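S.K.: Protein sequences appear in the order of chains P and E. Here the first sequence stands for residues 478 to 855, numbered as in the numbering used here. Here the second sequence stands for residues 170 to 574, numbered as in the numbering used here.
To be clear, the hints were calculated from the coordinates, so they are not data collected in a lab. It should be emphasised that the depicted structure is a prediction, and the values quoted were computed from it without experimental measurement. Just so you know, not all the hints are guaranteed correct.
As the list claims (entries may be wrong) - Simulated restraints on C-beta separations:
1) Gly784/P with Ala190/E: 42 to 50 Å
2) Gly654/P with Pro570/E: 25 to 33 Å
3) Asn441/E with Asp543/P: 35 to 43 Å
4) Glu451/E with Lys677/P: 36 to 44 Å
Unchecked claim - Computed cross-link-like contacts, EDC-like style, restricted to lysine to aspartate or glutamate with a CA-CA straight-line distance of at most 16 Å:
5) Lys762/P with Glu554/E
6) Lys562/E with Asp738/P
7) Lys591/P with Glu538/P
8) Lys585/P with Asp543/P
9) Lys741/P with Asp569/E
10) Lys499/P with Asp518/P
11) Lys197/E with Asp212/E
12) Lys392/E with Glu416/E
13) Lys656/P with Asp708/P
C-beta atoms are modelled at their ideal positions from N, C-alpha and C, and glycine is treated no differently.
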Amino acid sequence: MAVLTEEQSMLRDAARTWTQEKSPVTAFRKMRDSGAPLGYDPAAFAEMAEMGWTGVIIPEEYGGSDFGYLSLGLILEETGRTLTASPLLSSALAAASAIILGGSDAQKSAYLPKIASGELVATLAIDEGPHHNPEKVALEARKSGSGYTLHGHKTFVLEGMAAGLYVVSARTSGKPGDKEGITLFLVDADAKGVSRKALKLADSRGAANVSFDNVEVGADAVLGEADKGLDLLEKVLDRARAGLAAEMLGAASQAFDVTLDYLKTRVQFGQVIGAFQALQHRAAKMFTDLELARSCVEAALTAIDNGAPDTAELVSLAKAKMGDTLHLVSNEMVQMHGGIGMTDAHDAGLYLKRARAAEASYGGQSYHRDRYARLNGY
Amino acid sequence: MADFGGDLDAFRAEARTWLEANFPPSLKGKSGFGYIEDAGPDDADVKAWTKAMGDKGWGVPTWPAQYGGGGLNREQARVLQQEMQRAGAWNPIGGMGTMMFGPTLLEYGNEAQKQQHIRAIARQEVRWCQGFSEPGAGSDLASLQCKAEDKGDHYLVNGSKIWTSGGQWADMCFCLVRTDTTKKHEGISFLLIDMHAPGVEVRPIKLIAGASPFCETFFTDVKVPKENLVGPLNGGWTIAKRLLQHERSGLSGGGGGGGGGGMFGVSGSAPNLAKTYVGVDETGRIADADLRSRIAAHDMDRRAFQLTAMRTIVESRSNQGPSAATSIMKNAGTKIGQDQAELTLEIMGHQGLGWEGEDFTSEELQAVRGWLGGKATTIFGGSQEIQNNIISKRILGLPDPVTSN
Chain P
478 MAVLTEEQSM LRDAARTWTQ EKSPVTAFRK MRDSGAPLGY DPAAFAEMAE MGWTGVIIPE
538 EYGGSDFGYL SLGLILEETG RTLTASPLLS SALAAASAII LGGSDAQKSA YLPKIASGEL
598 VATLAIDEGP HHNPEKVALE ARKSGSGYTL HGHKTFVLEG MAAGLYVVSA RTSGKPGDKE
658 GITLFLVDAD AKGVSRKALK LADSRGAANV SFDNVEVGAD AVLGEADKGL DLLEKVLDRA
718 RAGLAAEMLG AASQAFDVTL DYLKTRVQFG QVIGAFQALQ HRAAKMFTDL ELARSCVEAA
778 LTAIDNGAPD TAELVSLAKA KMGDTLHLVS NEMVQMHGGI GMTDAHDAGL YLKRARAAEA
838 SYGGQSYHRD RYARLNGY
Chain E
170 MADFGGDLDA FRAEARTWLE ANFPPSLKGK SGFGYIEDAG PDDADVKAWT KAMGDKGWGV
230 PTWPAQYGGG GLNREQARVL QQEMQRAGAW NPIGGMGTMM FGPTLLEYGN EAQKQQHIRA
290 IARQEVRWCQ GFSEPGAGSD LASLQCKAED KGDHYLVNGS KIWTSGGQWA DMCFCLVRTD
350 TTKKHEGISF LLIDMHAPGV EVRPIKLIAG ASPFCETFFT DVKVPKENLV GPLNGGWTIA
410 KRLLQHERSG LSGGGGGGGG GGMFGVSGSA PNLAKTYVGV DETGRIADAD LRSRIAAHDM
470 DRRAFQLTAM RTIVESRSNQ GPSAATSIMK NAGTKIGQDQ AELTLEIMGH QGLGWEGEDF
530 TSEELQAVRG WLGGKATTIF GGSQEIQNNI ISKRILGLPD PVTSN
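So that you can see chain E by itself, here it is in the shape it has in the complex (with noise of 0.2 Å):
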């Protein structure tokens, strides 16, 4: 690519012509992800414009370009952002190969796997899952069971996963599996596997909200390359954390001011809603003072956290290092959009309840299903208590808990 010696206005300049050749027009303004759904995998300006984007790199605009990312600097990186809101366009490459794994790859992978999988990635040409829970193995991860025994020239998996995302669609899967039984943290190896390789079976897991976005994973006899290690032997471990990192950032939804539970799908403001829902009294304010009382906390709660958000962005970029407060994002954000989900089932009462059919609008379906898929949120990323585990140890100093056994 061309070298534009740290020449924003250069490069805003290529950004914007790059973009006005390439940019689908039909696309403009489309939502994204859902969008792709709807339009399917073959629509042919999508394909398009995700194979421009792939070829360029710019999907993952800061990764190097000799892996095929777009080899941009931060600043650069914000300025193809910008063209991007101008031109209405949106990026086409994501997943969970460019928001936890590519990066830890980057970080942990020898040159040959960089080579190998990073390409693919930024050309959205491979899908991954994350092959780490295990029904025996939540909140305590470490104690996971599914082995990998050495057989000379490949492992030999044998285990199950579960809550593994997009698990029937995936082509790859980066996995925690066990390597010496007589250690815990540091028996565990990171290891990707064939999605298609023999002795791989999914079945989808269908949730109280009723669809099935994670999956059993059930490893029977699964034969994986040597060179399928990522990092050392029994090294498994730091790399995992490493990237529970990426995925919790990934998951507070704090870095762009959204504020929190603007992933549950309902839109609709929770004081406009009270006001169609509950009404008004003589003076236009919300009926309910109770309630009126529970919304007015809730926003306050919301603007709180946007603020803490934008402080700690503040607080990163000037010189006094990582933010503490960012510590709290994950409990924050989580809990504001579970209360959101909460109080807007309250204020719709029954209407707010219909599981399908035309006597509700789609917005109150939305909200039946958003409310029970939100409960998930506090769970997975690391469940809220062991955020506050976190928290406790390694912000407050606080010794390591007491066990029982």
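Bound conformation, chain P alone (with noise of 0.2 Å):
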């Protein structure tokens, strides 16, 4: 754990309690079976909202607290503890950050203040396809009159069903897979042409795929500089995919506190089954992997509060040790629990689809993988 500011190690504290009272996997459990649309409880983000979480990384100007990514993280990494599914992520840290790195003050000023707030989900809208690639984007926006026109598809938007606003990658010259002529849209949900439909996935959170038809929007709606919006997005994307390991964080840390416990406790051959080498090993294993990962969440947060220049390295660094870290300590969470593992009645399951989630959402762990080579040239 990070050596923590007084106001850093109280926010953790409540986040803690208030996961653990509030929002423990029971809830979510509930959520799920109850067919929630929207893949997470409007009164539950209310009340995050209500306690400033939605407001940790907007200026102060805006109606935020400004506490920094890592202070969000630390809330990040006691919600995936409890599996809590929010809009959180998506919309007070990735969405949000796209505004505040790339936004005019206009732009700022209309959104910022309903997010910090928690009136407005917004969220990105980003990929178009079953692999993240922020490069590969495909969907149109053509110059019509004073403004642009929006057409094309994007899939698996994270809290798609309930945004009120979309950060939209669009392609204003070049082809799919340039770096250049990617530009950033802000896009009403209830734009004309806007349609959506929710898609069902393992780890019943909110995602959407998105279609945009001929939508129209002003010259006002441009994020950023058009055409150099990729530059815009990695930065956007570096901390969504930082915040979203901290939540992974939580999630595989509980993971094996959980069948940690259960080695303990699970008799079998007249003894715990914790007492069996096989399984301290592999515990150990997860235990070491754990701590390796902790520190590169926890390095890949600080970067981005400190502007350091190495920040896409240590993102990617985190978003691949942590996603390996929770592919690992989700199967064993299964496999150690034995049959109990495989019942829908026991939360390993609910671990083991959210982790696989995760994984793929923003860059899975190949194409982290990949992204530290090139980013050390190679």
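Since each chain comes alone in its own frame, lean on the hints to assemble the complex.
M.R.: Given below as structure tokens:
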């Protein structure tokens, strides 16, 4: 655990208390079983906003507290522990980062206070296929009059059904795969021509495919600089990836703790199964990987707060190492629980499903290993 | 020595002046012990520098001055290190005496033992070796059989030790011996044996990498003075465990952010080696995508290890107590070192399998020797399996493993 400021310690403790008391895994299970259309509990999200969590990275002049990314990461780690589903990551971290980093004064004033208060859910609509690839943008934005016309599709948009605002990557020149020619737009979800379809994914969260059928937007919808959107998008994505890695750290830590408890209580052959060395060494391996991954996640969040030049590298490191670790721990959680771990009534399956969805979001392990190599010139 | 009253600036000035007066400029920037081996023990400047540091006690800066140490506090020791770096100076005092035995004797030795041995270590006058493992007692160290019998005015030692690093050059051995055959852990004592005494025989063991860094040591009716017993009779196991902690903290390479694995002498980065030996594609990337991905994974492991090493330092400096992460460092660090060696060999292909001769560069020859030698790192100092046992028991609170007997 990183050395925290007093504010950060208080924030983490408050998050731990709230998630354990108000949003335990049973709450997620209940939400899932109720078939909640948004993939999260809006009342719980309103409480999170009430506590200021939705404004942690937003400047004070726009209604936030400006505590930084490590602070928000600490909260996400706690929500990850209990599998709390909410737009905290997609809206209050990812989309808010896009507007903070790329927005005009008018755009910041229009959206940031509403994101900070929880009134508006915003999200990134960037991918167009089953794999994360921010350069592979085909969705077209044609100049029309003083504005643009957007036409195309976005897939696997996190909180896509709840969002009132999309940060959309569109191609204003070039072809899919080109680094140049990508422009980010802010598009209202109720704009004419926007339609969405909920996706039922294994992790029961609120993902959607979103279609843009000749959607007209003004020039003031452009976020940042036209044709140069990829640089901005990468910075935004690095924040989202680090935040998601923090959530994954919480999920993996909890999955490990629950499994370790089981090793100490489950009796077979007249002894607790944790006395078997075959299981002990696998537990030691998980503990080792968790410690290594934690260092990476904390370093990535700290690098963002410090504006460190190697932020992108550290973020890819964190997302890949955390992905590998959560992958391992979630599999071992099922295996070490044996038959009970295969039942829907047990939580192991919930962690396993969330693990794979989180791994795939904002780039999986192979994506980030490749990116790490590219960033280092090989 | 002067009392600096906590005034670090005054100490810094003193250290700087002393280094200017005593560090031979000819040794500036040389690589420490590697250089000593190359230059030989008779190199006049090395001798002078070793004597100066030994007299000053600064080779072991935080050891008590009354026994020949530097008597510095941690802050002063850090300042000394900074000033030595600034001057291009290196510490000529080292080996098992400073790393493992000295700190343990300071904790468990009696006054006479400390007077007798610590100063000699601080002055690099006596070379120590470790007599722990035996042919029949490796990971199960406490099953050791080398015995010491009480003969009234001395102990009579019979038995053998193995993997005695540097045994062929050592003057003294800190040794675990059995003094009670009816108990296991509680029948072990910690004894100091003169390697030049009659009845001590040392045979170097040739290892798979070709060199003989370890020896087999035989004790036949070796007489050892009673005063060479450290700690209570049959109380040696506690001291041994403490000594092993000193050994492991030295082996993980975790303290300095070196990233583990630097210890095998292959300095070229894997990506650059791969570009040379494997080639690049039309975009300048390593041509073999599978290899590239595994190199990236390895580089990331290394970075994660370095970040964890830094985290343990920061956490131990704050008031959080010792970091749980320290327990993982030996396994994590040695694995990274071995992975690097395997990758290097793979990248070099057949060229990385040369044993000797001018068909191979020194880097290529070093790659194969380092790869082989490095296999020892997950075996000695507590094998990786023993480390996992320790994590399971001490950190995770799992019960003692089930045994079949």
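S.K.: Work down the list of hints and note, for each, if the structure agrees.
M.R.: Consistency of the hints with the structure:
Checked against the hint of 42 to 50 Å, the C-beta distance between glycine 784/P and alanine 190/E comes to roughly 44 Å, which is consistent with it. A hinted range of 25 to 33 Å is violated for the C-beta pair glycine 654/P and proline 570/E, which are about 54 Å apart. Between asparagine 441/E and aspartate 543/P, the C-beta spacing of about 42 Å keeps the proposed range 35 to 43 Å intact. Checked against the hint of 36 to 44 Å, the C-beta distance between glutamate 451/E and lysine 677/P comes to roughly 43 Å, which is consistent with it.
A C-alpha spacing of about 11 Å is found between lysine 762/P and glutamate 554/E, which places the hinted pair at or below 16 Å, so the restraint holds. Distance hint between lysine 562/E and aspartate 738/P is fulfilled; the C-alpha atoms sit about 14 Å from each other, no more than 16 Å. Distance restraint check for lysine 591/P and glutamate 538/P: the Cα-Cα separation of roughly 12 Å lies within the 16 Å cut-off, and the hinted pair is therefore satisfied. Restraint check for lysine 585/P and aspartate 543/P: satisfied, since their Cα atoms lie roughly 14 Å apart, inside the 16 Å limit.
Between lysine 741/P and aspartate 569/E the CA atoms are separated by roughly 12 Å; this keeps the pair inside 16 Å, and the hint holds. A hinted pair counts as satisfied when its Cα atoms are at most 16 Å apart, and lysine 499/P with aspartate 518/P qualifies at roughly 12 Å. With a C-alpha separation of about 14 Å, the suggested pair lysine 197/E and aspartate 212/E falls inside the 16 Å cut-off, and the hint holds. Our distance criterion of 16 Å between C-alpha atoms is broken by lysine 392/E and glutamate 416/E, whose separation comes to about 28 Å.
Proposed proximity of lysine 656/P and aspartate 708/P is supported: the alpha carbons are some 9 Å apart, at most 16 Å.
Consistency with the previously given hints fails for numbers 2, 12, ordered from lowest to highest.
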